[in-house]
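When you get a sec, could you build the whole thing from the sequences and use the hints?
Position 2 of the sequence shown, counted from 1, bears residue number 205 in our numbering, the numbering being contiguous throughout.
Be careful, since some hints might not be right.
Said to hold, decoys possible - Capping the alpha-carbon separation at 27 angstroms, the derived lysine-lysine pairs in DSS-like fashion look like this: (1) K275 / K349; (2) K335 / K318; (3) K335 / K255; (4) K243 / K205; (5) K368 / K349; (6) K349 / K316; (7) K318 / K275; (8) K359 / K275; (9) K255 / K306; (10) K255 / K243; (11) K359 / K262; (12) K335 / K368; (13) K243 / K316; (14) K275 / K306; (15) K318 / K243; (16) K262 / K205.
As the list claims (entries may be wrong) - Label pairs and their in silico Cβ distance ranges: (17) K349 / N285: 33 to 41 angstroms; (18) I320 / N285: 31 to 39 angstroms; (19) N366 / G308: 49 to 57 angstroms; (20) N364 / I209: 53 to 61 angstroms; (21) A266 / K372: 22 to 30 angstroms; (22) A365 / Q311: 31 to 39 angstroms; (23) D246 / E363: 36 to 44 angstroms; (24) V242 / G336: 22 to 30 angstroms; (25) V371 / K243: 34 to 42 angstroms.
In short, the hints are calculated from the structure, not lab data. For every residue, glycine included, the Cβ atom is placed at its ideal position computed from N, Cα and C.
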Amino acid sequence: MKTLFISLLLIAVTAFGSAQEIKLDEAEVRLETNKSKFVKSGDGFTYSVTEKQSGEFEKDPIAFMRSNLDIKAMLEELAEENFVSYQVTFRNSKGYLAAEFDKEGALQRTSQKFKNIALPSALRSELYSSNKGWTMISNKYVASGKGEFLDREIYKIRLENANQKRTVKLDLSTISRVSVASN
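Printed below as a string of structure tokens:
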């Protein structure tokens, strides 16, 4: 019995002792402009949106970027790096906006991806009226475009009704062309 106890103790110590891992964090380089802090990651820069700014960011990410990014000041600070283009990413817990600027600071293209955000009121009303009895359990929003204009905006919405589940995919470019008259 004594040898069984010692054997089990020895096996436990060996198993727990060899199961530890060492993780090293990436080194971060911070660039501080007049209004905000950016972290350089590879060829791009990332701005972490605080929780108190999240509502404004999720509502209109491009307007948020314009008010929180002074691209001209950023380019002046990075003049000796001589990049051809710059990628700036704004992130929060629900998603991101990635924007690409040319070397003069002109916005070339944007892409956005968010999950579980508040839907626009017109879309929310349309979804409710066409899916009575169903409950939205999650959503994803994906958009992209050139400059400040979005070419593609898609919502993928998961609905649930008792044991049934379904996904509704709404392309805002096709919905905006169709209008419903009401009194």
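Here's how the hints hold up against the structure:
1. K275 / K349: 19 angstroms, holds
2. K335 / K318: Cα-Cα ~23 angstroms, so holds.
3. K335 / K255: 34 angstroms, violated
4. K243 / K205: 59 angstroms, violated
5. K368 / K349: 35 angstroms, violated
6. K349 / K316: 15 angstroms, holds
7. K318 / K275: 31 angstroms, violated
8. K359 / K275: 36 angstroms, violated
9. K255 / K306: It is violated: about 32 angstroms lies between the C-alpha atoms, which goes past 27 angstroms.
10. K255 / K243: Holds, at roughly 23 angstroms.
11. K359 / K262: 17 angstroms, holds
12. K335 / K368: 14 angstroms, holds
13. K243 / K316: Roughly 21 angstroms separates the two Cα atoms, so the pair holds.
14. K275 / K306: 10 angstroms, holds
15. K318 / K243: With a Cα-Cα distance of about 25 angstroms, the restraint between K318 and K243 holds, given a limit of 27 angstroms.
16. K262 / K205: 67 angstroms, violated
17. K349 / N285: 33 to 41 angstroms: 24 angstroms Cβ-Cβ, so the 33 to 41 angstroms window is violated.
18. I320 / N285: 31 to 39 angstroms: Hint holds: Cβ distance 38 angstroms, inside 31 to 39 angstroms.
19. N366 / G308: 49 to 57 angstroms: 53 angstroms, holds
20. N364 / I209: 53 to 61 angstroms: At 60 angstroms between Cβs, range holds.
21. A266 / K372: 22 to 30 angstroms: 26 angstroms, holds
22. A365 / Q311: 31 to 39 angstroms: 47 angstroms, violated
23. D246 / E363: 36 to 44 angstroms: 41 angstroms, holds
24. V242 / G336: 22 to 30 angstroms: 46 angstroms, violated
25. V371 / K243: 34 to 42 angstroms: Once the Cβ atoms are compared, 39 angstroms apart, the range 34 to 42 angstroms for K243 and V371 holds.
In this structure, the hints that do not hold are numbers 3, 4, 5, 7, 8, 9, 16, 17, 22 and 24, in rising order.
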